[in-house]
Every structure is written in C-alpha cells, then in structure tokens.
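Residue numbers (numbering that gives the first Met the number 0), protein chains in the order written: chain A, 0 to 390; chain B, 0 to 390.
The hints are simulated quantities; they were obtained by calculation from the structure and are not laboratory data. No residue lacks a Cβ here, since even glycine has one placed at the ideal position from N, Cα and C. It is possible that part of the hints are untrue.
Derived contacts from chain B toward chain A, CB cut-off under 8 angstroms, selection only [what the hints assert, rightly or not]:
1. 5
2. 6
3. 7
4. 9
5. 57
6. 59
7. 122
8. 252
There are 2 protein chains.
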Amino acid sequence: MSTLKLTHNIPTKLVFGCGELKRLATEPMPGHKAMIVISSGNSMKKHGYLDKVVKLLIENGGTESVVFDKIQPNPTKRHVMEAAEICKKEKCDFIIGLGGGSSIDSAKSIAIMANNEGDYWDYIPSGTGKGMAIKNKALPIIAIPTTAGTGTEADPWTVITNEETNEKIGFGNNDTFPVLSIVDPELMTSIPPHLTAYQGFDAFFHAAEGYIANCATPISDLYALESIRLLYKYLPAAVNNGNDLKARSKVALASMLAGMVESTSSCTSEHSLEHAMSAYYPSLPHGAGLIAISLAYFGTFKNDCMKRFMKMAETMTEKKSARPSDFLEALETMQKQCNVNDIKLSDYGITPEDFNKMKENARMTMGGLFACDPRPITGEEIMDIFRKSYK
Amino acid sequence: MSTLKLTHNIPTKLVFGCGELKRLATEPMPGHKAMIVISSGNSMKKHGYLDKVVKLLIENGGTESVVFDKIQPNPTKRHVMEAAEICKKEKCDFIIGLGGGSSIDSAKSIAIMANNEGDYWDYIPSGTGKGMAIKNKALPIIAIPTTAGTGTEADPWTVITNEETNEKIGFGNNDTFPVLSIVDPELMTSIPPHLTAYQGFDAFFHAAEGYIANCATPISDLYALESIRLLYKYLPAAVNNGNDLKARSKVALASMLAGMVESTSSCTSEHSLEHAMSAYYPSLPHGAGLIAISLAYFGTFKNDCMKRFMKMAETMTEKKSARPSDFLEALETMQKQCNVNDIKLSDYGITPEDFNKMKENARMTMGGLFACDPRPITGEEIMDIFRKSYK
C-alpha cells in the first residue's frame with residue numbers, strides 16, 4: 000500500500016513579472032480602503048513605489064488608502080497593535096504590505112488584529128502566547144514584495160517580535176495567505192549587494208530546509224529544487240550587479256517558489272535557531288544569521304538524508320554527486336561567490352554565554368520546526384552548531 | 000530586460016493520499032447541505048463510495064445531503080439545468096462532485112446555475128453561447144475524483160455538451176475551482192484497464208500540451224514534466240494491475256499535477272479537435288479520441304519546439320535525447336505498454352466526410368486553445384491529422 004499523503008494549499012493569486020506592479024490598477028480589489036504598511040526607512044518613498052501604489056489604487060475604482068510607515072527590520076508587536084488601532088479608526092477593509100518581509104509580515108498580523116479584540120500575543124500558540132482562538136477572519140491582504148527572500152508573498156506566515164519577552168515567533172492560518180501578491184522584480188534593483196545576498200540565502204534555506212524536512216512532499220520537492228537551482232545559478236549575478244534584471248527576476252522567482260515550499264513543506268530547526276539569535280540580537284539580519292550557522296547546521300544532517308543532499312548538489316552544480324558533502328561544498332562555493340562566506344556569530348556581538356539561552360529560546364518559541372528535522376537534533380548538537388559558527 | 004511573466008492561481012485545497020477520503024469528516028465544510036452529483040451508472044453505489052460520503056458528511060457536524068444520479072459520460076446541459084433546479088428547491092448550499100470528470104464537471108456547472116437565473120448556455124462565451132456575465136458566484140464545490148485523468152480537481156474547468164447544438168465546450172472562472180478536493184487513490188482500484196489507459200492518457204496530454212503551449216510558465220513546466228515522468232513510469236503498471244496501489248497512487252498524483260498544468264498553462268488544440276470528435280460521436284471516450292490523434296498531432300509540431308520535445312523524451316526515457324521525434328517514439332512505446340496503440344477514428348464510426356465539420360466545430364466551440372499552440376496550425380494540417388488517425 001502506498002503511504003504517499005500530501006496537502007497542497009496555496010490560495011494566493013501570484014502575479015509575477017517585470018512591470019507587473021501595474022496590475023494593481025486592474026486586478027479585483029478585496030475592499031474599498033487599504034492600509035498600506037511600509038517600513039520606517041524612506042526607501043518606499045524615495046524610489047517612488049509608495050506614490051505608484053497609491054496612484055494605481057485610485058485608478059482601480061477609486062480605492063482609498065492610508066499609510067502606516069513605522070515598521071522596523073525585526074517588526075514588533077507594538078507596531079502591529081498601533082497600526083491595527085488606526086485601521087479600525089480609519090475603517091480600512093484590507094491591508095497592503097509593501098516592502099520587505101517585515102512590512103508584509105506586519106500587514107498579515109495587522110490584518111488579524113484589525114478585525115479582532117485583545118492583544119496579538121493572546122493568539123500566539125507558542126512561547127508566552129495565550130493560544131486563544133481567533134474569532135474573526137483576518138482582513139484580506141495584498142503583498143507587494145520589494146525584496147527577494149522571505150517568500151511571505153506565497154505563504155501564510157508572519158514573524159513578529161515581542162520586544163517585552165525577547166520572542167520572535169512565526170504564526171499564520173488560512174486567512175493570512177495574501178489574496179493577491181504582485182512580485183515585480185523591477186522593484187528590487189535598488190537593494191544593496193549584501194542585503195541581496197542575505198535575502199537570497201534566506202530563500203535558499205527555505206528551499207533547502209523544506210527539501211530535507213521530514214514533511215516534504217513530491218510537490219514541495221519540485222518547488223524546492225527549482226528554487227535551489229535558480230539561486231545557485233543567479234544569486235551571485237544579482238549580488239554583483241543589482242541592475243541585472245534577468246538575475247533579479249530569476250532570484251525573485253526562486254524566492255516565490257521557496258515561499259511555496261514553506262506553504263507545502265516546512266522550514267526546519269535552522270530557522271528556529273536563527274529566530275532565537277535575532278530575538279536577542281535584533282541588529283543581526285535574519286539571512287546573515289542563517290548563513291552564519293548554515294554549514295554547521297546542514298553538516299549535522301548530512302548522513303541522515305544522503306540522497307537528498309546529493310540531489311541538491313546535483314541540482315546546483317549540474318554534475319553527478321557521489322557523496323552528501325558535495326552539497327556543503329556547493330553551498331560554500333555559492334557563499335563565496337556572494338561574498339558572504341565569512342559571517343560569524345561574533346560579528347554581531349553574540350558570545351558563547353548566549354548559546355544556552357538561545358538554544359532554550361529556539362525550542363520554546365519555535366519548537367514546532369524541530370519536529371520537521373530529518374531526525375531529532377540533540378542539545379549538544381545545537382551547542383556544537385553555535386560553537387562552530389562563532390568565529 | 001527580463002520578459003518572464005506568469006500568474007499562478009490554484010486556490011483549491013488539495014488533499015491527496017490513500018485513505019484520505021476520511022478527511023471529509025474533519026475538513027471545514029463550506030455549507031450545511033450538499034448536493035452530491037454522481038453518474039447514472041451504479042459504480043458509486045456498488046462500491047459503497049456514495050454511502051461513505053453521505054456518512055462522513057453526517058459525521059462532519061451533521062451535514063445533510065441530497066443525491067443527483069443522472070450524469071452521463073459526456074455530461075449534458077439538460078442534466079445541469081435539472082440538477083440546479085433541484086438544488087434551489089432543496090436549498091443546497093454547496094455541491095460535491097463524486098466520480099469521474101463528468102460528475103465533477105457537472106457539479107461545477109450546477110454550482111453556477113444553482114445560484115443564477117436563465118439557461119447555462121446564456122453564460123457560455125463561445126459557440127452559440129450568449130456570453131452573458133454571471134451575476135452571482137457559483138456555490139462552493141468539493142471534488143472527490145474516483146478516476147485519474149481529467150485533473151478537474153485542480154482546475155476551474157467544466158466541459159458540458161449542449162446536445163441540441165452538438166457543442167462540447169469548456170468553461171470556468173475563479174469560483175469554479177473546487178474549494179476542497181480529496182484525491183484518494185483507493186477509490187480508483189476498480190477502474191477497468193482500458194478506461195485506466197484512456198484516463199491516464201488524458202492526464203498525459205494535459206501535461207504534454209501544457210508543456211508545449213506558448214503560455215507555459217516555469218511553474219507549469221515543473222508540474223508538467225513531473226506528471227509526464229510519473230505517467231510514463233507508472234501508467235502501464237496501473238493499466239495491467241488495477242490493484243497496484245502504488246501505481247494507482249502515482250497515476251492519481253500525475254493526474255492532479257496535470258490539472259495544475261491546466262490551471263497555470265493551457266491545453267492546446269489537440270483538446271479542441273477531440274471535443275469536436277466527441278461532440279458528434281458521444282460514444283468515443285475523450286481519452287481514446289486523444290490517443291487516436293496524438294501521434295499525428297504532436298508530429299505536426301515536432302520542429303516548432305524541438306528542445307521541449309527532447310526534454311519530454313528525456314524525462315520519459317531517462318536517456319539523453321538527440322532529436323524531437325524521440326518524444327513521439329516514447330509516446331508510442333507508452334501506448335503499446337498500455338495496450339492502446341491501435342485506436343483509430345474509424346473504430347468509432349467517424350468517416351472522412353466528418354473531418355471538415357469536425358475541424359469547423361473545433362475552431363467554433365474551442366477556438367481559444369488554438370491560440371496556445373506552439374504556432375498557428377493550418378486547416379490542411381488539421382485535415383491531415385484526421386486523415387492519419389483515421390485507420
């Protein structure tokens with residue numbers, strides 16, 4: 000008897016392509032007044048993206064909008080609550096996340112709180128969250144990413160930091176899938192090289208973790224391998240020439256595919272470990288944290304899913320692979336080509352004294368992902384990953 | 000500048016696996032009273048599938064149901080209208096299609112007419128249809144396929160025959176995607192060998208047409224090639240031993256993937272030609288009609304997308320391909336292994352006098368698919384395809 004079982008559920012309409020932002024003027028809108036959520040930096044204004052979005056919304060049947068522009072790189076519960084309050088007052092009936100993962104994730108969490116009472120952490124089912132049932136559906140969400148990494152445009156997940164408790168927790172349900180995502184690589188040309196690399200590797204690890212996860216499916220495998228192939232081939236070019244629209248486009252597609260992996264398989268504990276690191280050291284970019292621990296992390300599992308490591312290596316190098324460590328070598332090559340091969344935990348102020356509490360925090364706040372590892376990882380192995388990635 | 004553009008939109012929750020029919024008792028239902036649409040044959044009753052579905056619905060919060068059991072192999076507008084009338088009278092608020100493509104397609108069309116006035120053909124935008132706008136959304140649809148071929152569980156399309164006008168026309172919109180599809184290969188073991196082959200090849204051509212279509216995307220390509228790979232490898236085993244659950248499972252997955260191709264790329268004119276054939280000769284099974292014209296049809300385009308033909312050949316045979324006709328050879332091999340390599344149009348009573356009117360009917364009723372061909376096909380080439388497939 001065949002034991003193959005899977006669920007595939009990505010209700011988001013994904014619109015992808017250079018220049019496709021204009022579709023915001025013609026796609027059916029899920030409401031009449033949007034809250035547009037952007038970061039506290041000025042890039043969305045400077046590059047004219049915000050003005051364009053406001054204008055396209057007006058073209059689309061006179062859709063109104065208000066702007067919330069306080070989101071930080073590690074977005075916080077405080078801003079989610081503040082924006083949701085404004086949303087209720089302004090009677091916004093849908094939310095647009097415009098920008099990087101932090102803005103889009105915030106849009107998702109704001110969409111929940113704009114239609115529900117209480118505190119966001121009341122609904123968080125792990126860590127110090129109360130795990131209460133969400134009474135009303137989140138408002139409809141539109142995602143317009145201007146970075147290529149999180150994949151949040153193609154998954155229901157939103158990662159928010161509770162700055163009172165040092166918890167950075169992922170959350171989501173069927174209603175936090177965007178109803179529409181517009182991925183326009185032309186909005187990504189201004190990302191500087193090091194952030195292009197961090198974000199691209201975030202996408203890479205969504206795909207690679209989702210490929211070795213014990214809940215991978217034949218369909219998530221299709222997305223994962225194609226994402227891995229595209230990133231190995233095009234991320235270095237996008238890092239080294241931000242105006243290479245072909246490379247930007249391939250990387251954006253890879254990121255979207257990796258988001259589809261997150262919706263159909265799962266990240267593994269690498270993401271839990273990184274969330275714990277960023278929760279204590281908010282200046283550590285998520286992608287940089289993942290890169291720092293990646294070789295030690297994947298090395299831990301290299302004998303547990305040998306065929307999958309070899310398949311990833313073959314997909315990357317287009318050469319026959321004879322041993323799982325070929326993947327680790329290809330990963331290191333790619334990191335060198337993207338100039339991010341020397342990131343260490345110590346660069347961001349992390350000290351060996353932090354390792355134990357980060358380990359505990361990872362299990363407490365994002366314990367679910369450990370269940371998706373190829374096999375249970377031990378506490379000693381986690382400490383070893385931190386040690387190897389320290390300096 | 001990169002010209003890669005795509006839209007990916009498959010809002011259906013797809014649940015796949017042996018024994019997964021039981022999920023009907025636990026998944027959220029979109030309503031309180033279902034119309035269950037089944038064929039006029041007795042297989043859904045004989046095998047106990049209908050009883051199971053009714054029982055699982057009751058377990059799911061006491062969901063009520065009524066049964067409509069008149070659907071024919073080429074489902075008709077008359078039955079769509081009759082069922083929709085019953086639906087309104089019985090106040091059903093969602094529709095379940097249980098069975099082959101004819102039952103599920105009918106469920107989709109009934110879902111439209113149960114919530115709208117007038118005649119189904121008022122809304123059909125081609126042939127003699129009036130192309131009127133649909134006023135109200137279709138009722139929610141759940142698909143439970145018991146065959147592996149149509150892919151209708153993963154696409155919005157419904158193909159209905161207007162028996163008054165000899166038109167067999169595909170139709171659908173965003174609301175005719177099933178909200179939930181449960182694909183349980185255990186429900187497929189009783190399909191006889193020749194139907195297993197016809198249906199499996201229907202899936203194969205959804206994938207292969209979608210792969211050579213000029214609107215193929217990098218994501219539809221992933222689904223298409225995996226579907227082609229699985230069918231080449233497992234369809235012969237499913238045909239030759241219907242109880243081989245592993246083969247049944249792989250073929251069912253391939254069919255679902257091919258449905259995802261139909262949602263993200265498109266069929267080409269091979270399907271238009273077959274619809275015209277079946278419209279005049281309703282005893283011709285859709286899959287048999289496709290098989291009959293397939294070698295001549297694909298032969299027509301073999302020099303227009305050579306790399307894609309070779310990629311399909313390599314995916315099938317797992318050998319390096321040097322020329323596009325390798326695909327035609329692999330296709331013929333597969334047809335031999337499935338004992339369907341000698342189907343001719345003359346077997347079903349089609350005569351050379353029919354060729355011209357079938358050609359005209361194909362363009363009139365399903366003209367849209369011609370626009371997706373790798374290049375425009377000429378009338379003479381169509382006549383030639385019919386001639387080569389005649390006997």
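Outcome of the hint check:
no., hint, in the structure
1, 5, "holds, 5 angstroms"
2, 6, "holds, 5 angstroms"
3, 7, "holds, 4 angstroms"
4, 9, "holds, 7 angstroms"
5, 57, "violated, 23 angstroms"
6, 59, "violated, 17 angstroms"
7, 122, "violated, 18 angstroms"
8, 252, "holds, 6 angstroms"
Comparing the model with each earlier hint shows violations of hints 5, 6, 7; every other hint is respected.
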